[in-house]
Amino acid sequence: MPYTLHRGDALTALAGIPDNSVDAVITDPPYNSGGRTSSERTGRSARAKYTSADAEHDLANFPGENRDQRSYGFWLTLLLTESYRATVESGSALVFTDWRQLPTTTDALQAAGWTWRGIASWHKPVSRPQKGRLKQSCEYIVWGTKGPVDANRNPVYLPGLYTASQPRKDRMHITQKPVEVMQELVKICPQGGTVLDPFTGSGTTGVAALREGRQFIGVELSEHYAGIAEQRLRSALSQEDFELAGPEE
Numbered sequence: 004m005p006y007t008l009h010r011g012d013a014l015t016a017l018a019g020i021p022d023n024s025v026d027a028v029i030t031d032p033p034y035n036s037g038g039r040t041s042s043e044r045t046g047r048s049a050r051a052k053y054t055s056a057d058a059e060h061d062l063a064n065f066p067g068e069n070r071d072q073r074s075y076g077f078w079l080t081l082l083l084t085e086s087y088r089a090t091v092e093s094g095s096a097l098v099f100t101d102w103r104q105l106p107t108t109t110d111a112l113q114a115a116g117w118t119w120r121g122i123a124s125w126h127k128p129v130s131r132p133q134k135g136r137l138k139q140s141c142e143y144i145v146w147g148t149k150g151p152v153d154a155n156r157n158p159v160y161l162p163g164l165y166t167a168s169q170p171r172k173d174r175m176h177i178t179q180k181p182v183e184v185m186q187e188l189v190k191i192c193p194q195g196g197t198v199l200d201p202f203t204g205s206g207t208t209g210v211a212a213l214r215e216g217r218q219f220i221g222v223e224l225s226e227h228y229a230g231i232a233e234q235r236l237r238s239a240l241s242q243e244d245f246e247l248a249g250p251e252e
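Residues in the sequence shown are numbered from 4 upward in steps of one, following this note's numbering.
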């Protein structure tokens, strides 16, 4: 099988992945964000933080969203350290984050041993205006490498800005990323190489990896979302064509 999906805790599962066995880590960890105060960040569910009151879906919550700032940074460092061990020399790590956790994420990446290379932006063209404020219309992708960049190993030219709306059609996860964005990001992994996602969610990274000719290793703590990811990964192996999520209305 070109993919493996582990069900359980990311740190526990990562410990079982051999050294130097994956080519890229591309992941969207729980942000533990979405609040102005510590009590708002740690005392509410993922759905309460990231879903507006007028949302047209009733998607399941996901675990791991109640760490405070210091524990989040420590926990993310541990995860990225294990991911670093499992990655080949010159392999890459791409980690999604929001503006609140951007400084912590860049610190964790470097503390884990990665060489920080920059930040890409995912721009959401349809985002809620805020009176008297700047729109929060971007999420960010912190990226780095294990050692030097080897451009000859994977001679691709990737953009630093991706514009796409969050999926609405057939959406399966509260924080689901657009598959068209993920299909571009997985190209940081050489053709035929292996992409690791310790926070698989509904499986979008894995679907993108398979469709772009990469192998995939995923980990998901939620049994509910692991089941959805398994279905989507199996489907990705048998479908030649697919329909991208349309823009938000």
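If you're looking for bench data, these hints aren't it; they were derived computationally from the structure.
You may find that some hints are simply not true.
[As the list claims (entries may be wrong)] DSSO-like mimics (lysine-lysine), calculated; alpha carbons at most 27 Å apart, straight line:
#1 172 - 127
#2 172 - 190
#3 138 - 172
#4 138 - 127
#5 190 - 134
[To be verified] Simulated DEER-style distance windows between Cβ atoms:
#6 234 - 114: 31 to 39 Å
#7 4 - 118: 17 to 25 Å
#8 153 - 173: 35 to 43 Å
Here the structure is a predicted model, which is why all the values come from computation and not from measurement.
C-beta: ideal position from N, C-alpha, C; glycine also.
Consistency of the hints with the structure:
no. : hint                  : in the structure
1   : 172 - 127             : holds (16 Å)
2   : 172 - 190             : holds (25 Å)
3   : 138 - 172             : holds (24 Å)
4   : 138 - 127             : holds (10 Å)
5   : 190 - 134             : violated (38 Å)
6   : 234 - 114: 31 to 39 Å : holds (36 Å)
7   : 4 - 118: 17 to 25 Å   : violated (32 Å)
8   : 153 - 173: 35 to 43 Å : holds (37 Å)
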